[in-house]
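Let the sequences and hints guide you as you build the complete structure.
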Amino acid sequence: MRLVLEETVEQIVPNSRVIVKKHVWRNAKYVGMSGEKVAIWRGWSANLRMLDPRFGAIYIDYAETSNSTSENEQLFGFAFSESIKLINPFIFLFVTSCSIKKQEEIIAACFTFRQINATIHPGIVTSPKEFFDLPLNQWANIGSELLYLQHSICG
Amino acid sequence: MIVSQESHSIATLLQVLAGEQLTSAELLFLTRRLSYDYSATAWVMLSAFYGHNEKILRDIERRVLMRMSFEGLKQVRALLSDLTDSHPASSLTASEQSNLNALVEYALLLQTIAQSRHEKHPDPASLLADTTRRRTSKSKTARPAESPLAPAPALPTEPSARSSQVIPPSVANKKQPSTRHQPDGTLSDCPSVIMTSLKQPETFLEGLVQLNDWLTESPRSVGELRYFMWQKWRSSYADLQSALDLLYALGVIAPSNADPVEAIVRPTLAADLSIRQFRRACADAFAHRVEGNTRLLSALDQLNEMSPNRIQRVAFGDVPVFDLITRLTLWEALGVVQHQKKDQWTITQGGRDLVMTLPSLGLMIADEQGPVPLETDDDWLNVL
Numbered sequence: 525m526r527l528v529l530e531e532t533v534e535q536i537v538p539n540s541r542v543i544v545k546k547h548v549w550r551n552a553k554y555v556g557m558s559g560e561k562v563a564i565w566r567g568w569s570a571n572l573r574m575l576d577p578r579f580g581a582i583y584i585d586y587a588e589t590s591n592s593t594s595e596n597e598q599l600f601g602f603a604f605s606e607s608i609k610l611i612n613p614f615i616f617l618f619v620t621s622c623s624i625k626k627q628e629e630i631i632a633a634c635f636t637f638r639q640i641n642a643t644i645h646p647g648i649v650t651s652p653k654e655f656f657d658l659p660l661n662q663w664a665n666i667g668s669e670l671l672y673l674q675h676s677i678c679g
Numbered sequence: 012m013i014v015s016q017e018s019h020s021i022a023t024l025l026q027v028l029a030g031e032q033l034t035s036a037e038l039l040f041l042t043r044r045l046s047y048d049y050s051a052t053a054w055v056m057l058s059a060f061y062g063h064n065e066k067i068l069r070d071i072e073r074r075v076l077m078r079m080s081f082e083g084l085k086q087v088r089a090l091l092s093d094l095t096d097s098h099p100a101s102s103l104t105a106s107e108q109s110n111l112n113a114l115v116e117y118a119l120l121l122q123t124i125a126q127s128r129h130e131k132h133p134d135p136a137s138l139l140a141d142t143t144r145r146r147t148s149k150s151k152t153a154r155p156a157e158s159p160l161a162p163a164p165a166l167p168t169e170p171s172a173r174s175s176q177v178i179p180p181s182v183a184n185k186k187q188p189s190t191r192h193q194p195d196g197t198l199s200d201c202p203s204v205i206m207t208s209l210k211q212p213e214t215f216l217e218g219l220v221q222l223n224d225w226l227t228e229s230p231r232s233v234g235e236l237r238y239f240m241w242q243k244w245r246s247s248y249a250d251l252q253s254a255l256d257l258l259y260a261l262g263v264i265a266p267s268n269a270d271p272v273e274a275i276v277r278p279t280l281a282a283d284l285s286i287r288q289f290r291r292a293c294a295d296a297f298a299h300r301v302e303g304n305t306r307l308l309s310a311l312d313q314l315n316e317m318s319p320n321r322i323q324r325v326a327f328g329d330v331p332v333f334d335l336i337t338r339l340t341l342w343e344a345l346g347v348v349q350h351q352k353k354d355q356w357t358i359t360q361g362g363r364d365l366v367m368t369l370p371s372l373g374l375m376i377a378d379e380q381g382p383v384p385l386e387t388d389d390d391w392l393n394v395l
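Note that the protein sequences, when read in sequence, are chains A and B. The numbering of the first sequence is this note's numbering, which starts it at 525 and goes up by one. The numbering of the second sequence is this note's numbering, which starts it at 12 and goes up by one.
Hints listed in this document are in silico derivations from the structure and should not be mistaken for laboratory results. Do not take every clue at face value.
[Stated by the list, open to error] In silico DSBU-like pairs for lysine-lysine, Cα to Cα no more than 35 Å straight-line:
{"#": "1", "chain 1": "A", "residue 1": "Lys653", "chain 2": "B", "residue 2": "Lys66"}
{"#": "2", "chain 1": "A", "residue 1": "Lys609", "chain 2": "A", "residue 2": "Lys545"}
{"#": "3", "chain 1": "A", "residue 1": "Lys653", "chain 2": "A", "residue 2": "Lys546"}
{"#": "4", "chain 1": "B", "residue 1": "Lys66", "chain 2": "A", "residue 2": "Lys553"}
{"#": "5", "chain 1": "A", "residue 1": "Lys625", "chain 2": "B", "residue 2": "Lys66"}
{"#": "6", "chain 1": "B", "residue 1": "Lys66", "chain 2": "A", "residue 2": "Lys626"}
{"#": "7", "chain 1": "A", "residue 1": "Lys545", "chain 2": "A", "residue 2": "Lys653"}
{"#": "8", "chain 1": "B", "residue 1": "Lys66", "chain 2": "A", "residue 2": "Lys609"}
{"#": "9", "chain 1": "B", "residue 1": "Lys353", "chain 2": "A", "residue 2": "Lys653"}
[To be verified] Distance ranges between label pairs, derived from CB positions:
{"#": "10", "chain 1": "B", "residue 1": "Gly218", "chain 2": "A", "residue 2": "Ile677", "range": "41 to 51 Å"}
{"#": "11", "chain 1": "A", "residue 1": "Lys653", "chain 2": "B", "residue 2": "Thr359", "range": "50 to 60 Å"}
{"#": "12", "chain 1": "A", "residue 1": "Asp657", "chain 2": "B", "residue 2": "Gly218", "range": "52 to 62 Å"}
{"#": "13", "chain 1": "B", "residue 1": "Thr359", "chain 2": "A", "residue 2": "Thr593", "range": "31 to 41 Å"}
{"#": "14", "chain 1": "A", "residue 1": "Asn641", "chain 2": "B", "residue 2": "Glu65", "range": "25 to 35 Å"}
C-beta atoms are modelled at their ideal positions from N, C-alpha and C, and glycine is treated no differently.
The following block contains the structure:
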């Protein structure tokens, strides 16, 4: 996952792979609960804004959910909860800060999205198997496309 | 990118199809799409990746296929047509070949139609030339290349009790034949795969029932029907219009005047019919929708055991019916006639019951060599 983000940011800004940082999300408000405990999303992120103000941040997370579909729908919106109903654990490559009004353009670009209130996070949900089956550069290209999508319609 | 026999992994072929036009996200959609056939399960699986419903996914698919490289599509189609399972360089599984083939054919159909509407600008000339060549080699009665794409003409949805005239969708917008001997619109060019399955009547009917169930599951476009036929029966591009004609003649679908690809194929039969009810409904439609069938059944009803030559003479006189054997075979599959030894055909009790519901024709059976009385002069020869 780290390599995917490194390749992605390199495509946008050369020699920028060092900005890729590890993170762990543990906020129940955003990722929900896993039994008695707060769920955990682990992954990597890169904030390109500091290198090129036209672009935002990109994230890639690995997570497993034990929430019910209705709980997931409350947390992430319908589309995303449908996505992770059958694909669990999952990997989510995404950008943030997009208005819900842009969802049609996001769908047309072959992406799905996670919804948090009126904000959506356009991205791609994949299974660990598919993630490793496809070449790294295809995921990196998709990452770049997400950043350009964010730049063009979410900015 | 030029594709060669040595470089046809699925990923390479997808790159060829994508050309410079598709994004990586679209390429991923195609990769996922190719993992599944055209069943309802496929949409459920795709839905799992995207969280969108089937309608949205179909829209995405159509848009992606429209954006594929036209040159790439032609290259991959040519490659697939030369590919055999035993090819030493073949790295595609049978399922991958089949799904890829179907996808390529569907994309070509969409793009060619878009071209005909000036929405996009691939080069359809070479495609159509290729299709024409393939058809010519297959059948002398093959239709023109543009026939599968021709919009269906206005047709009566309900059959007329008086006339047995049928104008199959592909024929009705052609110039009417100027002589009685013109064989346009006969059933002899119905899909070869359907002809093969006719040899096992129950299988044939079960196949039709399955198709009807699929059609009634949710609205299907002509393009999707084509795709379904490809998946299920390996029916070729050239067979589409013939299949549509046959399905219309059997009363399984209604005609449509809408856009040929966007048009919804409207099923006319309920989804929960038993095989027996289905057979009866098809027989009734076939009697009314195909010109001359009333005459054919009446002849068999009155004379019982007859050879095809005698049926020809009694029912049609000196007007040659080129698809007589096909019709008889279809009637047999519908349980209306039976093929006996020494090439004799008889009518069944179910056939007699059907004839009772048809208008009486008063054939001149005593004088088989004489002219056949017609209801009106040009009434039933439009498609024979």
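**OP:** Identify every previously stated hint that the structure contradicts and give their numbers, smallest first.
**Re:** Of the numbered hints, 9, 12, 13 do not hold.
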